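Chain order of the listed sequences is A and B.
So the first sequence is numbered by our numbering: it starts at 25 and just counts up by one.
So the second sequence is numbered by our numbering: it starts at 25 and just counts up by one.
Calculated directly from the structure, the hints in this document are not laboratory data.
Incorrect hints may appear among the rest.
Which copy? The list can't say, so a pair holds if one copy fits it or any two copies do.
Here are the simulated BS3-like cross-link-like pairs (lysine-lysine), alpha carbons at most 30 Å apart as the crow flies [said to hold, decoys possible]: (1) Lys90 x Lys312; (2) Lys295 x Lys62; (3) Lys295 x Lys76; (4) Lys312 x Lys325; (5) Lys69 x Lys230; (6) Lys182 x Lys121; (7) Lys177 x Lys124; (8) Lys74 x Lys312.
Remember, predicted model here, so these are calculated numbers, not experimental data.
Residue strings, one per chain:
2 protein chains.
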Amino acid sequence: MKSILITLTLLITFVGNLMAKEHQLAIVIHGGAGTIVKQNLSDEKEALIKAKLTESINAGYAVLQKGGDSTDAVIAAINVLENSPLFNAGVGAVYTKDGKHELDASIMRGSDLQAGAVAGVSHVKNPINAAKEVMLHSPHVMLSNRGADNFAKQHGLKTVDNNYFDTDYRYQQWQAINHKNKVSLSEDLLKTDYKFGTVGAVAIDKNGTISAGTSTGGMTNKAFGRIGDSPIIGAGTYADNRSCGVSATGHGEFFIRYAVAHDICARVLYKQQSLQHSADVVINHNLKQAGGDGGIVGLDKQGNPVMVFNTAGMYRGYKTEKSETKVYIYNTK
Amino acid sequence: MKSILITLTLLITFVGNLMAKEHQLAIVIHGGAGTIVKQNLSDEKEALIKAKLTESINAGYAVLQKGGDSTDAVIAAINVLENSPLFNAGVGAVYTKDGKHELDASIMRGSDLQAGAVAGVSHVKNPINAAKEVMLHSPHVMLSNRGADNFAKQHGLKTVDNNYFDTDYRYQQWQAINHKNKVSLSEDLLKTDYKFGTVGAVAIDKNGTISAGTSTGGMTNKAFGRIGDSPIIGAGTYADNRSCGVSATGHGEFFIRYAVAHDICARVLYKQQSLQHSADVVINHNLKQAGGDGGIVGLDKQGNPVMVFNTAGMYRGYKTEKSETKVYIYNTK
Chain A
25 MKSILITLTL LITFVGNLMA KEHQLAIVIH GGAGTIVKQN LSDEKEALIK
75 AKLTESINAG YAVLQKGGDS TDAVIAAINV LENSPLFNAG VGAVYTKDGK
125 HELDASIMRG SDLQAGAVAG VSHVKNPINA AKEVMLHSPH VMLSNRGADN
175 FAKQHGLKTV DNNYFDTDYR YQQWQAINHK NKVSLSEDLL KTDYKFGTVG
225 AVAIDKNGTI SAGTSTGGMT NKAFGRIGDS PIIGAGTYAD NRSCGVSATG
275 HGEFFIRYAV AHDICARVLY KQQSLQHSAD VVINHNLKQA GGDGGIVGLD
325 KQGNPVMVFN TAGMYRGYKT EKSETKVYIY NTK
Chain B
25 MKSILITLTL LITFVGNLMA KEHQLAIVIH GGAGTIVKQN LSDEKEALIK
75 AKLTESINAG YAVLQKGGDS TDAVIAAINV LENSPLFNAG VGAVYTKDGK
125 HELDASIMRG SDLQAGAVAG VSHVKNPINA AKEVMLHSPH VMLSNRGADN
175 FAKQHGLKTV DNNYFDTDYR YQQWQAINHK NKVSLSEDLL KTDYKFGTVG
225 AVAIDKNGTI SAGTSTGGMT NKAFGRIGDS PIIGAGTYAD NRSCGVSATG
275 HGEFFIRYAV AHDICARVLY KQQSLQHSAD VVINHNLKQA GGDGGIVGLD
325 KQGNPVMVFN TAGMYRGYKT EKSETKVYIY NTK
């Protein structure tokens with residue numbers, strides 16, 4: 025009799041948990057997509073990149089595990105990548121035509137569709153933090169250039185001299201491309217390592233709130249104050265608790281024209297298709313046909329991670345309640 | 025026998041025309057939405073505004089009638105409004121916090137999803153022409169600030185001193201708002217005349233190509249290099265021959281967060297709902313609930329004009345093959 029009662033209690037608890045738990049905690053990140061092939065990447069650099077991706081995922085997931093919100097998880101994960109010279113975001117950002125650095129970032133929260141973005145900042149140490157500050161403490165969504173730097177400074181964010189973002193590696197790239205007088209999406213004109221280096225993260229917290237963020241140094245040798253997709257809500261970043269969260273990386277002009285991040289979420293919401301299928305159609309069919317290289321990472325509202333790209337590789341990885349931290353570089357299909 | 029042949033021939037011609045003719049030539053424009061109420065507008069100003077809207081519509085429609093493409097029709101219509109001090113675009117643009125003018129514009133072509141945009145230009149006489157130049161003759165979609173001005177100058181567009189955009193009317197506005205140290209969406213803090221003044225146009229040509237464009241002086245007293253929805257493809261402007269073309273006006277931050285222009289086209293394409301219904305849901309339900317004031321004009325792929333706003337009024341009008349030029353100001357519901 026007693027054993028039946030215990031079994032019943034366990035059963036009720038189990039079912040109760042199942043019903044209460046409609047989603048899992050999860051974070052998925054990327055460090056850029058492009059023609060990343062084994063022969064262009066030394067074992068040492070591959071190990072460094074995988075270690076940094078792992079550090080980023082775990083930093084973001086730790087926030088979720090402590091009961092923190094998904095916006096802070098996205099910030100924690102992206103800060104690790106911005107602070108590493110391995111990626112084209114924060115330190116390690118590429119050089120503009122003028123030999124300077126102009127960085128872009130955006131973030132969005134799916135519970136209330138609040139969003140913030142900065143374009144062309146030169147002095148904010150972590151552009152994604154400036155985007156969050158705009159989202160939380162400004163009547164605006166998008167600030168640009170000096171104005172965005174001033175806003176960040178007034179709100180107490182850490183600022184640096186522009187040369188803080190310098191790295192020899194990016195400088196060599198810029199020199200090589202500048203001689204050809206070509207514009208490059210980060211590194212696609214370089215023989216040594218073809219990846220674009222934009223970084224991004226999407227997380228879902230205990231409340232089921234999905235946040236997505238993206239941060240980049242833009243294009244090597246970019247001129248004319250070019251703005252890519254990373255600071256554009258709907259292109260490089262979108263989050264809506266009803267559908268999904270998406271962060272993109274790649275040839276930004278195509279991602280703007282195809283409103284990639286919003287289009288993927290719209291397909292999930294309006295066509296009732298899975299995030300995986302929606303992302304496959306947009307990235308591997310629509311963008312590929314148009315000649316737009318790149319990829320996205322995303323989470324659906326159950327916390328299932330998706331990583332889709334039409335290039336040879338994408339620095340990427342995720343952790344969920346059901347899965348340990350996983351990191352990948354090449355196309356594993 | 026002969027009469028039967030003639031009847032048959034006529035019938036075949038008639039059916040042939042029906043099949044060949046799946047859309048009509050059409051253009052729809054707006055000159056801003058807001059709390060536009062009769063008592064705030066003198067009969068003289070109302071007459072001036074209606075005359076200028078009519079001139080804009082007819083200028084755009086003339087391009088379509090001559091067999092021109094919808095991009096040039098949009099440019100022709102918007103140039104009329106940019107060159108008039110009555111609207112917050114081109115001459116008559118509002119003042120920034122620094123007492124200058126920073127203008128934004130974007131344009132998109134629905135046949136191939138090509139797009140161009142400029143943000144924060146200070147010297148291009150007609151920002152919408154700079155957006156077209158970016159679309160047609162740049163590898164980029166979005167250029168900003170000095171870089172965008174330089175690009176326009178290098179491509180032979182007419183440039184002016186920043187004070188070309190000055191008007192006493194806007195200066196008084198800026199002074200009034202500057203004293204309150206408030207940011208205004210064009211005119212919403214002013215007692216005299218509440219409209220926002222962004223302008224836009226959507227046209228469909230003989231090939232069924234839909235183009236949409238938007239041009240604005242932004243917010244009175246704006247600071248921090250704020251970028252609104254007008255230069256954002258997917259927010260203020262979107263065009264896709266498979267669904268519709270949309271140009272928006274209103275509280276830009278909401279239009280960015282809700283990706284209004286792309287969302288309306290996505291609903292038409294994915295939910296198979298009419299443009300009218302899709303725009304009603306987004307503008308009169310979603311945006312209204314969120315507190316986002318504004319409206320849109322659009323054309324579906326048959327060339328049916330739609331004008332939807334959740335404010336007291338919107339300067340607007342259209343002309344199609346089936347209809348004479350119509351212009352409206354107030355909510356006629």
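Status of each hint after checking the structure:
no., hint, in the structure
1, Lys90 x Lys312, "neither (40 Å within a copy, 36 Å between copies)"
2, Lys295 x Lys62, "neither (38 Å within a copy, 43 Å between copies)"
3, Lys295 x Lys76, "neither (37 Å within a copy, 42 Å between copies)"
4, Lys312 x Lys325, "both (27 Å within a copy, 25 Å between copies)"
5, Lys69 x Lys230, "neither (35 Å within a copy, 56 Å between copies)"
6, Lys182 x Lys121, "both (26 Å within a copy, 25 Å between copies)"
7, Lys177 x Lys124, "both (19 Å within a copy, 23 Å between copies)"
8, Lys74 x Lys312, "within (27 Å within a copy, 46 Å between copies)"
Checked against the numbered hints given earlier, this structure breaks hints 1, 2, 3, 5; the rest are met.
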